[in-house]
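Undergrad: Take the sequences, apply the hints, and build the full model.
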Amino acid sequence: MAHGENAAGFEEHHGTGRYVAVWVALCVLTVATFLTSRLALGPPWHLLVAMAIAGGKATLVALFFMHLWDQPGANRLVFVTSLAFVALLIGLTVLDNATRFPLTNPPHEQTLRFQPPGEEPHVQEGERGQGRPGAIGRPAAEH
Amino acid sequence: MNPSANSVVYNTPNYLDAEGGVRSWLFTRDHKRIGVMYLVLTTSAFALGGLFAMLIRIELLTPGPTIMSAMTYNRMFTLHGVVMIFLFMVPAIPGIFGNFFLPLMLGAQDVAFPRLNLLSVYLYLVGATIAVWGMIQGGADTGWTFYAPYSTTTTTKVVPILLGAFVIGFSSIVTGINFIVTTHTMRGPGLTWDRMPLFVWSIYATSIIQVLATPVLGMVLLLVAIEHSFGFGIFDPARGGDPILLQHLFWFYSHPAVYIMVLPAMAVISEVVCAFARKNMFGYKAVAYSSLGIAFVGFFTWGHHLFTSGQSAFDAGIFGVLSMFVGIFTAIKVFNWTATLYKGAIKFTAPFAYVCGFLFFLVFGGMTGVALATVSLDVHWQDTYFVVAHFHFIMVGGTIMAFLAGIHYWWPKMFGRMYSEGWALVAACTIIFGFNATFIPQFLLGNMGMPRRYYSYPAQFWPLNVASTAGASLLGFGFLLVLVYLLLSLKYGRVAGANPWGSRGFEWNTPSPPSALNFPVPPVFTHGPHDYQDRGPGEEPSPTPPPEAQHA
Ligand code: HEM
Ligand SMILES: [Cu+2]
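If you read the sequences in order, they're chains A and B.
Position 88 of the first sequence, counted from 1, bears residue number 88 in UniProt numbering, the numbering being contiguous throughout.
Position 443 of the second sequence, counted from 1, bears residue number 443 in UniProt numbering, the numbering being contiguous throughout.
To be clear, the hints were calculated from the coordinates, so they are not data collected in a lab.
There may be inaccurate statements among the hints.
What the hints assert, rightly or not - Derived, one-sided and incomplete: chain A residues facing chain B with beta-carbon distance under 7 Å:
(1) T36
(2) R38
(3) F85
(4) L89
(5) T93
(6) L95
(7) D96
(8) T104
Ideal placement from N, C-alpha and C gives every residue a C-beta, glycine not left out.
TA: Laid out in structure tokens, this is it:
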């Protein structure tokens, strides 16, 4: 990578307007997170919505506050690659968690359940959504 | 031809004499001096780790208690693992040879960030100091893997050891970033990617892993330290945590980390094979790209350490299959190195002896790795001496062989003196034989069911343990021998000259030791590396590239 004399705009300094706009967007999204948490969407939607909003906020921060928007392609590629590796770490770890023998998971843990192909179903009834933090009463089969 | 610096008269002093005094070393930004500092620091760590190893082997000389208590034994194998991995294996080859030779091979004046480079030495030093302080306080007894819930509840001094490794991680990241940027931005005129020495390719691949994986290690070490200090329930099931989560996070770093250890070894071997077979690398591109392939696939296999830990059978199956892919890229390299030897004009020197050792141990260790990646077999071998023998074959047999090959090959370049070739061959034979005697019995012991990390064992395992301890003593003696004749050579060795091996590696086109400035004028690269092409049948290649006119 030579010095990033790419398309116009790199190294150019933007006025405060852009930062304020991003900041306002972040505030709005924060309020949105709070409000959707009140909606009692229930699993798995509460988690998905919250993560989607958080992901959007992180994207804004990376693009504008961390200036990825103005960077040459190679630097963006580095960023995206590292995200892919984070996804790998979390993906295969959660996959383990979701396909384990249920008793192996810590008590009261909120886990996804996923049925690997060609396996006898585990004790499943009432599992999904059980064991929110603080909730009591795991399915009797798991005690 | 190669970068033609030979015709240039060097009237600048070499890097060792350029400046005198302790301060000039402590504040140096010269990549070569930093390489020498790493040499001193990491070999000291190696000596410390070796001392722990000898104590372990002496304890195992008899079935019952021999010289220490069970608790002391636990501390010994923990400290041995921590020191060898974090203080020696990971930093050694990149720190020493990467720093010293990467800029020389690229025709650069220095690395891209010389100050960060110095910082990496000090981060290493600070981390090592914290860890050694923890050892003096009593050390930890968790094993280098820090598995919870034991690591989060033990009363030994696990926190300083964790923090020491955490700080050293930053040293590793900084070095990695530095090498990546150097390779991208500091290549000399004409040095395209397909002309880069294979050493550079492999170090580059290592750097990518260092930058991507080490932060995960930092995170997990910190979480364990926090949980140990403040009692959070992250990993301890009694507090609602998940102990397998720790293993996922730990091995997400530590499996790629085994390639942080072995890719630099492969880097060295690629150089040494060409130099002593006097042939171009067979399949240059395959060897270069397979480094990147190993770096990539190495990230997909960490779960093979969790087969018996409670990981889901589904994940275990996925990881078992993915693990086998690493074997493909490793095999590509092994076949190409071997094919390079074919019809070469081999010079059987000490570095070459280590290459032979390397090839044997890497194949043997790698094959047992593939066997271990088979879930049904691993259930039998997991946590036995079979695993211990597997990774020692790869790490000692791979990384240490390459380290020794490299130090013998580049010693004349780094310090301008030749060591005694006769003694070097004696030492190489001692080490290679001693190594086999140490670890082949451990394969057998593991297969018979002897578990690792126990300080006593049933009497039927006694003879093989004696054999192993005897081999380890021979191994230790071999290392001492190397240390002695290398140090003696600094004073009494024959002056080496610029290129005693007649190598075509780019780094040999400098005087020995190299000038403080590396090159008076930037060298121009007109050919690929390891360029022995012009060798007629049965004819030695010209020892150094003919002094060419200075274009540029
Ligand atoms: C063909 C490539 C390889 C494969 C398929 C492989 C596979 C494995 C497997 C399955 C295990 C787990 C065994 C168990 O605990 O039951 C293991 C352990 C280990 N391997 Fe390898 N391996 C390979 C190469 C390497 C290399 C290149 C290194 C080091 C440079 C290495 C270092 C280790 C270490 C340190 C451990 C044990 C860690 C511990 O439990 O303390 N392996 N390997
Ligand atoms: Cu592994």
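Undergrad: Give a verdict on every hint.
TA: Here's how the hints hold up against the structure:
The restraint placing A:T36 at the interface with chain B is violated, with a minimum CB-CB distance near 26 Å, outside the 7 Å limit. The interface hint given for A:R38 is broken, as the beta carbon of that residue sits about 26 Å from the closest beta carbon of chain B, more than 7 Å. With 7 Å as the threshold, the beta carbon of A:F85 comes within range of chain B, its nearest partner Cβ sitting at about 5 Å, so the hint holds. This hint holds: A:L89 has a C-beta 5 Å from the nearest C-beta of chain B, less than the 7 Å allowed.
The interface hint given for A:T93 is met, as the beta carbon of that residue sits about 4 Å from the closest beta carbon of chain B, less than 7 Å. A distance limit of 7 Å between C-beta atoms decides the matter here; for A:L95 the minimum to chain B is near 6 Å, and the interface restraint holds. The beta carbon of A:D96 comes within 4 Å of a beta carbon in chain B, closer than 7 Å, and the hint placing it at the interface holds. Checking A:T104 against chain B by beta carbon gives a least distance of about 5 Å; that is within 7 Å, so the hint holds.
Violated hints for the displayed structure, listed by number in ascending order: 1 and 2.
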